[in-house]
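Peer 1: So you can see what is in the structure, the chains are spelled out below.
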Amino acid sequence: MDIPYTVQPRPDTGLYNAKVGIWLFLASEVMLFGALFSTYILLRVGAIDWPEGVDVLNVPLGTLNTLVLITSSITMVMAWAGCVMKDFKRFRFFMGLTILLACVFLVVKSFEYGSKFSHHIYPKEGAFYAIYFTMTGLHAFHVICGIVVNAYLWGPGAKLWKKNPAQFTNRVEVAGLFWHFVDLVWIFLFPVLYLL
Amino acid sequence: MSDMHIDDFKHEALDHIHHHLKTYVSVFVALMALTVVTVLASYLKLSLTATIILALIIASIKGTLVACYFMHLISEKKTIYLVLILSVLFIAGLPLLTLLAKYDVPVN
Chain A
1 MDIPYTVQPR
11 PDTGLYNAKV
21 GIWLFLASEV
31 MLFGALFSTY
41 ILLRVGAIDW
51 PEGVDVLNVP
61 LGTLNTLVLI
71 TSSITMVMAW
81 AGCVMKDFKR
91 FRFFMGLTIL
101 LACVFLVVKS
111 FEYGSKFSHH
121 IYPKEGAFYA
131 IYFTMTGLHA
141 FHVICGIVVN
151 AYLWGPGAKL
161 WKKNPAQFTN
171 RVEVAGLFWH
181 FVDLVWIFLF
191 PVLYLL
Chain B
1 MSDMHIDDFK
11 HEALDHIHHH
21 LKTYVSVFVA
31 LMALTVVTVL
41 ASYLKLSLTA
51 TIILALIIAS
61 IKGTLVACYF
71 MHLISEKKTI
81 YLVLILSVLF
91 IAGLPLLTLL
101 AKYDVPVN
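The listed protein sequences derive, respectively, from chains A and B.
Residue 40 in this note's numbering sits at position 40 of the first sequence; the count goes up by one each step and never skips.
Residue 23 in this note's numbering sits at position 23 of the second sequence; the count goes up by one each step and never skips.
Be careful, since some hints might not be right.
[As the list claims (entries may be wrong)] Just the calculated beta-carbon pair ranges, DEER-fashion:
| # | chain 1 | residue 1 | chain 2 | residue 2 | range |
| --- | --- | --- | --- | --- | --- |
| 1 | B | Lys22 | A | Leu100 | 21 to 31 Å |
| 2 | A | Tyr152 | B | Leu44 | 43 to 53 Å |
| 3 | A | Leu42 | B | Lys22 | 14 to 24 Å |
| 4 | A | Pro4 | B | Leu48 | 47 to 57 Å |
| 5 | A | Ile48 | B | Val29 | 38 to 48 Å |
[Claimed, not checked] Only pairs whose alpha carbons sit at most 20 Å apart, straight line, appear in this in silico DMTMM-like list of lysine to aspartate or glutamate:
| # | chain 1 | residue 1 | chain 2 | residue 2 |
| --- | --- | --- | --- | --- |
| 6 | A | Lys116 | A | Asp12 |
| 7 | A | Lys162 | A | Glu52 |
| 8 | B | Lys22 | A | Asp87 |
| 9 | B | Lys78 | A | Asp12 |
| 10 | B | Lys45 | A | Asp49 |
| 11 | B | Lys45 | A | Glu52 |
| 12 | B | Lys77 | A | Asp12 |
| 13 | B | Lys45 | A | Asp12 |
| 14 | A | Lys109 | A | Asp49 |
Honestly, the hints are just simulated from the structure, not real lab data.
This one's a predicted model, so the numbers in the text were calculated from it and none came from an experiment.
No residue lacks a Cβ here, since even glycine has one placed at the ideal position from N, Cα and C.
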């Protein structure tokens with residue numbers, strides 16, 4: 001039996017099922033990261049001394065990573081647009097670029113982590129580093145998950161394009177929604193941790 | 001790949017996609033520019049309150065741009081808005097409850 005409403009919108013929601021599913025998931029993600037942002041606020045308000053991100057983190061690298069992630073967001077939406085335009089090569093090119101940029105983000109992040117570890121700075125250092133490693137670590141985990149999903153769609157998952165391009169396009173859209181959310185979280189993480 | 005699938009395939013989106021591409025590029029340029037502005041503003045040595053307010057305003061504008069245009073929230077169905085309103089209420093309520101707990105200290 002085929003899974004219903006993978007392409008056609010469901011009459012009661014007006015959406016295909018995967019789209020409702022991803023938005024429900026993203027709503028739970030909003031609450032997960034929201035809880036961590038609340039934790040950050042409470043830790044900071046309650047702390048006697050709180051280091052400024054500018055003094056203890058590498059702002060140029062953080063800025064570079066922000067620009068990389070924003071660029072990966074537009075390449076992701078361009079990959080989806082390639083599917084809509086029925087241009088599979090365009091999809092492959094932009095999706096490949098998205099994966100590459102996501103890897104660049106992780107490499108830059110690993111340099112930042114490596115620099116901290118080489119100075120024996122770990123989450124146990126204090127409240128600031130505890131929340132810094134927790135939030136950026138969880139975010140990096142989301143980036144890794146995004147890479148896995150996008151790599152599947154770029155590689156073996158792309159077989160669906162020949163069988164059912166509309167369903168494949170919807171899969172790319174859903175993966176894109178997750179990826180833009182990852183970008184969205186970083187847009188708030190960067191100023192909060194690095195600049196304030 | 002059936003021809004019927006191709007014919008039915010995202011007709012509406014296809015009609016507007018070239019217009020959308022221009023919008024995506026404009027949003028991308030705005031996001032890059034706002035990132036540079038955020039970083040430069042942090043070197044202005046404003047008061048902490050002003051720095052926080054400025055940084056959060058810029059981040060909110062950037063977040064809104066990503067959500068509205070890259071995630072297509074500007075033209076989404078009611079179901080999605082309902083789900084998001086619920087999660088936003090939780091987000092607003094969470095720090096509020098914690099802050100209220102601050103005053104929930106026994107007198108004695």
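Peer 1: Which of the listed hints are not met by the structure?
Peer 2: 3, 6, 7, 13 and 14
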